[in-house]
Amino acid sequence: MKTLVKPRSLFIGLSALCLLSIWLSLALGPVSLPLFDTLRAALRLLGVPIQGDGLEQAELILGQIRLPRTLLGLAVGGVLALSGVAMQGLFRNPLADPGLVGVSSGAALGAAIAIVGGAAFGGLPEFIGPYLLSVCAFLGGLGVTALVYRLGRRNGQTNVAVMLLAGIALTALAGSAVGLFTYLADDATLRTLTFWNLGSLNGASYARLWPLLIVTVGVALWLPRRANALNALLLGESEANHLGIDVEGLKRELVFCTALGVGAAVAAAGMIGFIGLVVPHLVRLLAGPDHRVLLPASVLAGATLLLFADLVARLALAPAELPIGIVTAFLGAPFFLFLLLRGRH
Amino acid sequence: MRLSLRLITLCAGLMITHASLAGELPQRWVSAGGALSEWVSVLGAESKLVGVDTTSQHPESLKSLPSVGYQRQLSAEGILSLKPDVLIGTEEMGPPPVLAQIRGAGVAVEMFSAQADLASLEGTLQHLGLLLGDEEQAAKVFKSYQQQLEQHQQQVKSAQAGHKAPGVLLLLGHAGGKPLIAGKDTAADWLLTQAGGHNLATHKGYKPFSVEALAGLNPEVLVFADRSLTGEAARQALMKENPILMSIRAAKNGRVYELDPTLLVGGLGPRLPASLKQLTTEFYPTVPASQ
Numbered sequence: 188m189k190t191l192v193k194p195r196s197l198f199i200g201l202s203a204l205c206l207l208s209i210w211l212s213l214a215l216g217p218v219s220l221p222l223f224d225t226l227r228a229a230l231r232l233l234g235v236p237i238q239g240d241g242l243e244q245a246e247l248i249l250g251q252i253r254l255p256r257t258l259l260g261l262a263v264g265g266v267l268a269l270s271g272v273a274m275q276g277l278f279r280n281p282l283a284d285p286g287l288v289g290v291s292s293g294a295a296l297g298a299a300i301a302i303v304g305g306a307a308f309g310g311l312p313e314f315i316g317p318y319l320l321s322v323c324a325f326l327g328g329l330g331v332t333a334l335v336y337r338l339g340r341r342n343g344q345t346n347v348a349v350m351l352l353a354g355i356a357l358t359a360l361a362g363s364a365v366g367l368f369t370y371l372a373d374d375a376t377l378r379t380l381t382f383w384n385l386g387s388l389n390g391a392s393y394a395r396l397w398p399l400l401i402v403t404v405g406v407a408l409w410l411p412r413r414a415n416a417l418n419a420l421l422l423g424e425s426e427a428n429h430l431g432i433d434v435e436g437l438k439r440e441l442v443f444c445t446a447l448g449v450g451a452a453v454a455a456a457g458m459i460g461f462i463g464l465v466v467p468h469l470v471r472l473l474a475g476p477d478h479r480v481l482l483p484a485s486v487l488a489g490a491t492l493l494l495f496a497d498l499v500a501r502l503a504l505a506p507a508e509l510p511i512g513i514v515t516a517f518l519g520a521p522f523f524l525f526l527l528l529r530g531r532h
Numbered sequence: 003m004r005l006s007l008r009l010i011t012l013c014a015g016l017m018i019t020h021a022s023l024a025g026e027l028p029q030r031w032v033s034a035g036g037a038l039s040e041w042v043s044v045l046g047a048e049s050k051l052v053g054v055d056t057t058s059q060h061p062e063s064l065k066s067l068p069s070v071g072y073q074r075q076l077s078a079e080g081i082l083s084l085k086p087d088v089l090i091g092t093e094e095m096g097p098p099p100v101l102a103q104i105r106g107a108g109v110a111v112e113m114f115s116a117q118a119d120l121a122s123l124e125g126t127l128q129h130l131g132l133l134l135g136d137e138e139q140a141a142k143v144f145k146s147y148q149q150q151l152e153q154h155q156q157q158v159k160s161a162q163a164g165h166k167a168p169g170v171l172l173l174l175g176h177a178g179g180k181p182l183i184a185g186k187d188t189a190a191d192w193l194l195t196q197a198g199g200h201n202l203a204t205h206k207g208y209k210p211f212s213v214e215a216l217a218g219l220n221p222e223v224l225v226f227a228d229r230s231l232t233g234e235a236a237r238q239a240l241m242k243e244n245p246i247l248m249s250i251r252a253a254k255n256g257r258v259y260e261l262d263p264t265l266l267v268g269g270l271g272p273r274l275p276a277s278l279k280q281l282t283t284e285f286y287p288t289v290p291a292s293q
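Protein sequence lines, in the order shown, are assigned to chains B and S. According to my numbering, numbering within the first sequence proceeds without interruption in unit steps and concludes at 532. According to my numbering, numbering within the second sequence proceeds without interruption in unit steps and concludes at 293.
Think of the hints as simulated: they come from the structure by calculation, not from any bench. Virtual Cβ for every residue (Gly too), placed ideally from N, Cα, C. Among these hints, one or two may not hold up.
Unchecked claim - Per the computed footprint, the stretches of chain B lying under chain S, defined by three or more beta-carbons under 8 angstroms from a beta-carbon of chain S, are:
| hint | region |
| --- | --- |
| 1 | 191-205 |
| 2 | 250-260 |
Unchecked claim - Covered stretches of chain B (in silico footprint by chain S; criterion: 3 or more residues with CB under 8 angstroms from a CB of chain S, positions within the stretch not fixed):
| hint | region |
| --- | --- |
| 3 | 384-398 |
| 4 | 522-529 |
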């Protein structure tokens, strides 16, 4: 099959772009640090004792603000794109996105409960207060996905079509529950809710980062091992079964990885749309549908796109910030359209 | 109760200020709170502000300063790029991890109460006075503010002695469309009550209204706060978008008044006494204003 780009050159190109985005994400920000200072501060962070004027400030900005933010962007972008591939493979439908099994709407419901309910309860203990939103979003996503999966199962078989419809129904249900909380919310909580729904990498800290990084690395190592099985599933469920693939086990793994990955990403950075739906498409348009290429390439592409989007988010209106959800679609959609139209000729 | 609360704010204020007095007075300020920015200007330190948030709309000149975004959605690096000595804001300021990052970079983060009562305001002004190194003036400003409010309360009292409090509704809208009614537990409700009105709405918070319910309540006075239009244009847009309003008493008797929506955010601001006085004369047109 002819593709636009050979897998080898795709990986080289994506890795280069990804490295570039990491470098820019560390080097650029509203505080303008001279390139030389950034380098020296980076060396200091690595433990090389360098003395100099203003280096402490540079080290702080690099180590406490930009580095956790960059890592968060990489993890969120990568895991969202990967979950997108998993869902599109599972439903054998390029229109599938991680929201389809209810993980996003469940997380939104969890977040709404935490934001509106948390404000109503007031004085929460110190150790849970700051993390309530993340924990609720994560549990909400996982809970609704588990329910969707359970509804799709009959006689030990998972019916993907039933699961899809159950996902739509539960998404609608969760949506109306979020609407109810929106109605109950006061002005301030309403704004928090709105901003959360647009996502942001702002205020990334290591404490919030570790759980997501572990999940992302886990999912990113696990899913590519199922590339051949996913390729077989493209032919159809019974065909894959005849090829000796444990289709039921595969479905379970895909749903679990998506719930875990998207749940953790959303808990750390809020809702960020577009990446999960379109990044797998982008990669497929460039390099074809082979999951052995698609899975790892989507991780790179998702991470890169999110970092570039974040650069725009933090620089466009500096010293204020744009929610990143606005930027991902704004940057990605025209590019996607361009590829789509080009592919026709 | 009232006294002890005041004492606590005073003590807290003193403690915080001693810490900040140890160093030099902050020269570059970022303010993330509408009323706070206004007070800083009233205390004559507008020139020290190097950045404000989106809720700081008064005085007009603040709009030319760099905007650090919405007070709950601040960005650490964005604020640090303004090289401030101090970031001031209400308890609503956030998100907390960003504040921690800003503190970590050696910028003082000073939190103020957003409560709409005089004790909180006294604490706020004292605290600001200390940060500005001019406690006397801050105390003077507070005194005169307190006097104005007390005078206004007299005005309301004497008006209410002869007249029943009018039933009022406050609509908060955007170019007239889909206005929300201000219910209990809102700054708007507090304002209406202070001005001597009786808020007919019984729900909590700002909620969209049902046309029928509005006609049923039939308020004597209607106050509207429009976020995008002002004056006659706002009034006309409101009537055009919601024709039912034409049929209530307030509209028939020409008692539809405007209120600046920025008064409804972030605690007691310096423009409040004048607006309260205005509202009271609107509520009790036959009673002459005091003074």
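For each hint, the structure was consulted:
1. Check on the region 191-205 of chain B: 0 of its residues sit with their Cβ under 8 angstroms from a Cβ of chain S, so the three-residue criterion for coverage is violated.
2. Given as covered by chain S, the region 250-260 of chain B passes the check, having 3 residues with a CB less than 8 angstroms from a CB of that chain where 3 are the minimum.
3. With a cut-off of 8 angstroms between beta carbons, the region 384-398 of chain B has 6 residues touching chain S; three or more are needed, and the interface restraint holds.
4. Given as covered by chain S, the region 522-529 of chain B fails the check, having 0 residues with a CB less than 8 angstroms from a CB of that chain where 3 are the minimum.
The structure fails to meet hints 1, 4 from the earlier list, while all remaining hints are met.
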